[in-house]
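Engineer: Please model the complete structure; the sequences and the hints are all you need to start from.
As given, the protein sequences belong to chains A and B, one line each in that order.
In case it helps, my numbering puts the first sequence at residues 2 to 763.
In case it helps, my numbering puts the second sequence at residues 14 to 117.
For the record, the hints were derived by calculation from the structure and aren't laboratory data.
By construction, the Cβ of each residue, glycine as well, lies at the ideal position given by its N, Cα and C atoms.
Simulated restraints, written as ranges between beta carbons of each label pair: (1) A/S711 / B/L94: 48 to 58 Å; (2) B/L77 / A/D759: 28 to 38 Å; (3) A/M749 / B/L94: 24 to 34 Å.
In case you want the letters, here they are:
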Amino acid sequence: MDNFFDLVPLVVLIPLAGMLVNLFTGRQLGERGVGIVAVGASGMSFVIAVLLWIAQVNTGYKAAVIDMPILADWIVIPSANVTIPWAFRVDSLSVTMMLVVTGVGTLIHLYAVGYMHGDERFPRFFVYMNMFLVFMLILVTGNNFLMMFVGWEGVGLCSYLLIGFWFDKPGGAGWRNSDAARKAFIVNRVGDFGLILGVLITFWTFGTLDYYREGEVPIVPHAAAEEEVPLFAPALPAEDAGHAVAGPLGVFNQAELWLEEGGHKVDFGMVSLSFETTLTLITLLFLLGATGKSAQIPLFVWLPDAMAGPTPVSALIHAATMVTAGVYMMVRANVFYHAAEFSSFVVAVIGATTALVAGFIAVGQWDIKRVLAYSTVSQLGFMVAAVGVGAYAAAMFHLVTHACFKALLFLASGSVIHGMEHGHHHATHDHSGHHDDGFDPQDMRFMGGLKERMPVTYWTYLFGTLALAGIIPFAGFWSKDEILLDSLKAGVDKGLLSGYIGFVLLLTAAAFTAFYMWRQVSLVFLGKPRHAAAAHAEESSRVMTWPLIVLAALSLLIGFINVPSGFPILGWLLGEHQFTSFLEHSVPYAHAGTFSFLLATFAVLLALGAIYLARSVYNDRVLAVLREDPLAVNTRMQRAFALANAKLYWDEFYFKYLIYPYRNAAYWLAEQLDWRFWHDYAHERLLRDPFNAATRALTWRVDKQIIDRSFDGLGHAARRAASRLRRIQTGYVHIYAMSVLFGALLVMVLILLPLIRDWLGL
Amino acid sequence: MGSSEVATELYVLLSAVLFIMGAMGVLLRRNAILVFMSVELMLNAANLALVAFARQWASGAGHLMVFFVMTVAAAEVAVGLALIVAIFRTKKSIDIDNLHMFKG
Numbered sequence: 002m003d004n005f006f007d008l009v010p011l012v013v014l015i016p017l018a019g020m021l022v023n024l025f026t027g028r029q030l031g032e033r034g035v036g037i038v039a040v041g042a043s044g045m046s047f048v049i050a051v052l053l054w055i056a057q058v059n060t061g062y063k064a065a066v067i068d069m070p071i072l073a074d075w076i077v078i079p080s081a082n083v084t085i086p087w088a089f090r091v092d093s094l095s096v097t098m099m100l101v102v103t104g105v106g107t108l109i110h111l112y113a114v115g116y117m118h119g120d121e122r123f124p125r126f127f128v129y130m131n132m133f134l135v136f137m138l139i140l141v142t143g144n145n146f147l148m149m150f151v152g153w154e155g156v157g158l159c160s161y162l163l164i165g166f167w168f169d170k171p172g173g174a175g176w177r178n179s180d181a182a183r184k185a186f187i188v189n190r191v192g193d194f195g196l197i198l199g200v201l202i203t204f205w206t207f208g209t210l211d212y213y214r215e216g217e218v219p220i221v222p223h224a225a226a227e228e229e230v231p232l233f234a235p236a237l238p239a240e241d242a243g244h245a246v247a248g249p250l251g252v253f254n255q256a257e258l259w260l261e262e263g264g265h266k267v268d269f270g271m272v273s274l275s276f277e278t279t280l281t282l283i284t285l286l287f288l289l290g291a292t293g294k295s296a297q298i299p300l301f302v303w304l305p306d307a308m309a310g311p312t313p314v315s316a317l318i319h320a321a322t323m324v325t326a327g328v329y330m331m332v333r334a335n336v337f338y339h340a341a342e343f344s345s346f347v348v349a350v351i352g353a354t355t356a357l358v359a360g361f362i363a364v365g366q367w368d369i370k371r372v373l374a375y376s377t378v379s380q381l382g383f384m385v386a387a388v389g390v391g392a393y394a395a396a397m398f399h400l401v402t403h404a405c406f407k408a409l410l411f412l413a414s415g416s417v418i419h420g421m422e423h424g425h426h427h428a429t430h431d432h433s434g435h436h437d438d439g440f441d442p443q444d445m446r447f448m449g450g451l452k453e454r455m456p457v458t459y460w461t462y463l464f465g466t467l468a469l470a471g472i473i474p475f476a477g478f479w480s481k482d483e484i485l486l487d488s489l490k491a492g493v494d495k496g497l498l499s500g501y502i503g504f505v506l507l508l509t510a511a512a513f514t515a516f517y518m519w520r521q522v523s524l525v526f527l528g529k530p531r532h533a534a535a536a537h538a539e540e541s542s543r544v545m546t547w548p549l550i551v552l553a554a555l556s557l558l559i560g561f562i563n564v565p566s567g568f569p570i571l572g573w574l575l576g577e578h579q580f581t582s583f584l585e586h587s588v589p590y591a592h593a594g595t596f597s598f599l600l601a602t603f604a605v606l607l608a609l610g611a612i613y614l615a616r617s618v619y620n621d622r623v624l625a626v627l628r629e630d631p632l633a634v635n636t637r638m639q640r641a642f643a644l645a646n647a648k649l650y651w652d653e654f655y656f657k658y659l660i661y662p663y664r665n666a667a668y669w670l671a672e673q674l675d676w677r678f679w680h681d682y683a684h685e686r687l688l689r690d691p692f693n694a695a696t697r698a699l700t701w702r703v704d705k706q707i708i709d710r711s712f713d714g715l716g717h718a719a720r721r722a723a724s725r726l727r728r729i730q731t732g733y734v735h736i737y738a739m740s741v742l743f744g745a746l747l748v749m750v751l752i753l754l755p756l757i758r759d760w761l762g763l
Numbered sequence: 014m015g016s017s018e019v020a021t022e023l024y025v026l027l028s029a030v031l032f033i034m035g036a037m038g039v040l041l042r043r044n045a046i047l048v049f050m051s052v053e054l055m056l057n058a059a060n061l062a063l064v065a066f067a068r069q070w071a072s073g074a075g076h077l078m079v080f081f082v083m084t085v086a087a088a089e090v091a092v093g094l095a096l097i098v099a100i101f102r103t104k105k106s107i108d109i110d111n112l113h114m115f116k117g
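Structural biologist: Written out as structure tokens, the structure is:
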């Protein structure tokens, strides 16, 4: 079983191969071939991930570091003693992420074969999708922060390419799909800037970027006595765990040792910070990265617009996997976050606020995918808040369950959109002369009554909704409950303010979640069709409904992997907190959630109450006659709904206070600094004028007065000499003959000179 | 070298006398034909000196040179006389003092 670990490069290489095959031969393969290659690559990757999981279980959850063939020594600077290997890390955290990415990814690939059928750029779509898998898997399997950053940027690129996949189609309201892609890319740039700075400071502090070196066991510090029961005993005693390895330690164990020693300083040239301050700085910068990628306040604005991409993309990248990269990164760095209390506080507040704000905005949206997008932002807020209150296992657990039910909801919404488009096509064909009423297949106002037309989609959507709302026994209940209880316990047991803040905000957000989801179900599926398209909608093909059914089953069952300790019957039946126990081998600060009957009951009743409220507001009778939202016409709720509908004017706020000032500053600088100063002043006063003066001096002084006059003088001299010499040309032959004679005599005298000298006795 | 033979010096002296006569003729005469004949006299003075030295040194080179000079002289005569005839036809005179059209 040990050598299963050596398979890990294949997890990345198989989708890479699939991508290359489709890139170069996609046009020849045809839709069927491209689909087989892409789904096959993803599926084989999933099989490898399962094998790695089995290997994990069978080797006692031993972490392995596997070098990439060929690329093993990625960055080596011998003079600076820097070695950054291209090494994969197989531990319970990375295996969890691999299973999610490839498992959900494979189902979405399969679904996309049906969804993208007939698209003119079908092969390109799957090239991008496989490329996304490659980068996402690099992100989660890398053993150092730099590999994670490579994956991080790679998935950002794929996200950009896929949001703008239909770049030639308008996104509505003067907002093109390519604009949405650019917005996502640029907003993420802000976050990535924070991440790379954090990575650089990490490198400066530790001299390495490896999480753990090969053979290194995470140190479980003595301070971990906050757990009632020690859940994890390392193979080596804690003190020896790190020291057993030759050479420097990975960043996390090094951090533990320094924290234990205390008083360690980090030198940054001019300033010297204490190690704890440095960790706070690093974690805050990482948080900035996470707010970009995982769509948290203040950088969440890109995710709702990212819905311009095809729906499978929204499901895979913008709900299930890529956006959770920030959560994964923070869980990976749990040692840092655990030590940096201030950062954790900020993380918790940001996550919980995001959860509530996005949940509120979701209530006011009409676009079926936008509701889900804000819901994703909100759920990511839950995960981030969980990280903030130290519930790393709960964050990962919610990540896994959310990946299943949110992917399901997106895919089902894609199925609805497909059905609506089909119905619209059908309706306009049947009734010729049917005038265009601004039909939008994603607008929930045109839907209604799809339950009868699309039963499979309806039932699977219902499963997703119940899971998201947190109704027992669906997956969302387990994970959301664990987060809620953990944040409450962080407040009560550890006295953390962030725990109380998180608990109140998240509980409110949970109520909003149930409300907007049932609003959506009522608008889309229940009641009577409100448009011809909805009346003629048809169920999607089997290739699309099968992944829905599988994901619906997962949404029901996946929660059972982590039944909290103390849960009656089920805990005994399925084993308690299995997932947390699994995760603890790589996340030292993961701790198992307990169960509070009171809180669980309260949370479920709250969700059911919100559902009941939603159903009574959005009942069939009202929806049948009203083309507006019932809340929008209610005098008391009007203003709140308008606020939610306008997304709290968040974008407008950014435009007014950030983007326009920035643009005006750029214009001003361009005008004043670039044109006025640089072009006009610097070029003309400093460059042009001295140049002109120099050339003028050269022209008059040197060229005209020295060079020209010297050549003129030569000419005059030659002419004067010639006018003198011409006089000897008399034309008389005698004179010429005389000169020849004299010349000959002269030559003779010269030749005979020695003789003459002898003769004269000189 | 036999005593009955005339000494080379005498030949060279004769050659010098002839050359000086020719040179004076070229410089002093006005008639173009006479100037021409004086030139021929100078050429033949040179030929005489060449032959004399060739005999003195028993070398064929001097004879060879003489043949060349005679050939060139013949060609020169042909060209020169033709020129004189042409000049006479245009100017009705062969007095070289009248010929100074190429005055610079």
